[in-house]
Amino acid sequence: MRAFTAAMGLALALGASLMASPAMADITVYSAGPGGLIDKLAKGYTEKTGVKVNVFQATTGKIMARIESEAANPVVDVLISASWDTASDFAKRGWLVAYASPNAAMVPDFLKNDTAVAQGISALGIAWNPASGTPRPTEWADLAKPAYKDLVTLPDPAQSGASFELVAALQAKNGWGLFKDLAANGAIVAGANAEALNPVMQGAKAAVFGAVDYISLAAKAKGESIDVIFPASGTVIAPRPMMILKWSKQPDASKAFIDYVLSDEGQKAVAATYLMPARSDVKANRPLISDLKILPVDAAAVYGTRDTTLAEFAKLLAK
Amino acid sequence: MRRDMKTGGHGLLGWVAGISLSVIVLVPFVFIVLQAIFPDLGRGSFAAPLVHLGRTVADPRLLHLTGNTLTLGLGVMLGCVAIGVPLAVARALFRVPFALVWDVLFLVPFMIPPYIATLGWILSMQPRGYLQQLTGINLGPLLFSVPGMVLIMSLNLFPVVYFALSRTIEAVGTRYGDVGRVFGARPVRAFFRVTLPLAMPGLAASLLLVFALAIEEYGTPAALGSRFGFQVLVTGIENRISDWPIDLPGAAILSLLLVGLSLVAFLIQRRILAGRNYDTVSGKPQAREKRALGALALPVTAAFALVAFLATGLPILAILATALSKTISGGLKPSNLGLQNFVEVFANTGGALQALVNSLSLGIATALLAGGLGAITAYAVVKGHGRGRLALDMLAMLPSALPGVVVAVGMILAWNQPWLPVTPYNTPLILLIAYCCILLPQPVRYASAAFQQIGDNLEAAARVAGARPFTVFRRIMLPLVLPSLITSMLLVFAVASRELVASLLVAPVGMMTIAGFIWRQFEQGSVGLGMTMSFIAIVLTTLIPMLLIAALRRIAGGRFTGLH
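Protein chains in written order, with the numbering used here: chain Y, 1 to 319; chain H, 1001 to 1564.
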């Protein structure tokens, strides 16, 4: 029995040793991926200001679920989401602090408002494996051609805000025809972004219809056989809003964090992950917004009909 | 006073179990129920109750999701019976060559996170996967189908049945079957009429666990099912929380439906076992003689080897191949292989080493806490008296029906209330509580099955000899269930060390776990680095318990009987 008591004691001791609350002067940042980026930004900010940053990183959905569950007693100071829609919604709820960072002067107007400013921007494109033995696609519609029969994956628009906007924008422009053709050509919906990309990397599939560009570009930089193609007919972008929550007890440190992310150093870190930097005067080793044709997305309209759009999409692609 | 005599001191242990389970399981569950009713609960508001119920229940896909969930749960149950029962019987009654090796290999599937195993299968079997690169065979169509999914989940879960049943039959021993044979029954008849029925508690308990685990599993249905449009309740729940706008009340309602399915299974199991006596451990000395296999030795060994290869070898090889590949698109060419990913992990890229230390400590703490609590709970349920037992038993079963993500939401809602003077929330302790909640059913199931086989006269004898209730528990009962309990604690350790869904949501800010690290790598497209971490985690979660058991056996000698 002594062993039994000792075991229970050890369990509690281990648990207790894990008890360590964040100190009060720190700021807490909830951020959508990529993980390496927020770690780098937090480290750089701490070096500059001496203020520690506690990071929680997950998908946008998981972060929002956490904030919703915590809302009675929130702890987050700064939120970086992968979907601009969250910024609009939080502003509507009156949860955000208005702040115009001095470093945001070079951020184009459509990437900022009173309460949110972009950290960086991703765009959607075709991620294509050149070793797949298929011709290089240039347009969305190419992927419905016989050369790509059974070789196309799509990220699930129900799990990725950017994919949803792409589906909505293309549907608004051309109707459901393209998606019907894709379904007839054996295209499949394969989970979230990474799950759609993996079979293409190994060569089981040839292309992702609407892949998040920075993941594919980073994979390419690592030597994967992947190309990202932005169709000339247009695509959608996903600016990643940063916002300060109104319940923050460290508003000044939080504002300084936004300033840091928009500083030269911060924006270079953003560009290094193959995201487009928010500031138009920071260089990046990839196509920028000015190189892309952006499809118009009327956020209020498309999010108003989100459920019906998703249901129609699911029906067409037999999900 | 009379009542106290009747409960014979189980009372105190019952109270300990009841209070602990209330804190760990009941509190978050109550908050999930409240969330299902009050959509704005997170903001501390009880406004607009039940507005979501109509919309969620009226969803035409709901029936479809439920049907798919049942198909999967029952399919995996049958698959586990088909694979696990023959192997367990052979292992328990006969001298199987290399028996210990098979036991170790069958433990490994517990250590492989299901979504990683499935990813390994996909990388092996899909067109241009490893199998086709090596042999030219493409088994993609089989993999991306309902039978393929059931097979893969069965291969991942059959050890639950194998270990529970082989231990139970061993405890029954050949003795009762031999009595049957003395009375003229032929071997097969003696087995089916005597030995197998006596092993029912173990079989029924493990099948219930398999069913609950299968319908609650997220990784495999998400990775495989989405490829051929097979959605289950858990993927439906995840979808509601995977992107903006999130739907917490809808997720809570679907979870309660899932809990309902598991409770029905639970009641069926209780009914099957009710009113019978499974006492086989009576205190009389038993010879543990196993029979020789004779001519069957070769085919039986081949069957063990085949299952071990499919359940353990193939996924591990696929994980290792991916971990050693410089790029996924480069394939299995010598020029594309190297240790680069391992170097990155050991160089602590992305906090890999802290993640390992965090998760392994949490795993050990969870195994000890859940194991101890599980033993007490099972004892109070099986050997105690009174009305509280059914409630306690159901409470201990509840978490296996709750998807991890929902447990996580319940934990946050419960433990982040502003009026709490101290809270484990936002400390690593919340992960310990969450893991205990999710994994408690395992030790409870295993220990209950073991307690059910211990005759009451053993306890009565000890009491007559003057032992106090607690002494009886630790000197008589605990040692007798220890083999089953240790097995389940290993399982708890393995699963807690790599639990993904709850870890991702309730992890305190700034804390990295193994699963969190792997998920980050996958999300960034670094499949190789994610697989490398998985491989290291699998090796560690397998080796640590093995060394522990070896050490225990050395110290305790023959008295320690776990995993013999």
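Don't take each hint at face value.
Stated by the list, open to error - Okay, the calculated bits of chain H under chain Y, using three or more residues with CB under 8 Å as the criterion:
id	segment
1	1020-1028
2	1042-1052
3	1121-1128
4	1225-1231
5	1234-1243
6	1414-1427
Hint data in this document are derived by calculation from the structure and do not stem from the laboratory. Built from N, CA and C at the ideal position, the CB exists for glycine as well.
These are the hints, each one checked on the structure:
Counting residues of the segment 1020-1028 of chain H whose C-beta sits closer than 8 Å to any C-beta of chain Y gives 0, which falls short of three, so the coverage hint is violated. Look at the segment 1042-1052 of chain H against chain Y: 3 of its residues bring a Cβ nearer than 8 Å to a Cβ of that chain, three or more, so the hint holds. Only residues whose beta carbon comes within less than 8 Å of a beta carbon in chain Y count, and the segment 1121-1128 of chain H has 5; three or more means the coverage holds. Only residues whose C-beta sits within less than 8 Å of a C-beta in chain Y count toward coverage, and the segment 1225-1231 of chain H has 5 of them, enough to reach three; the restraint holds.
Residues of the segment 1234-1243 of chain H with a Cβ under 8 Å from some Cβ of chain Y number 4, which satisfies the need for three, so the listed coverage holds. Closer than 8 Å: that is the beta-carbon criterion, and the segment 1414-1427 of chain H has 6 residues meeting it against chain Y, so the requirement of 3 holds.
Comparing the model with each numbered hint stated earlier shows that hint 1 is the single one that does not hold.
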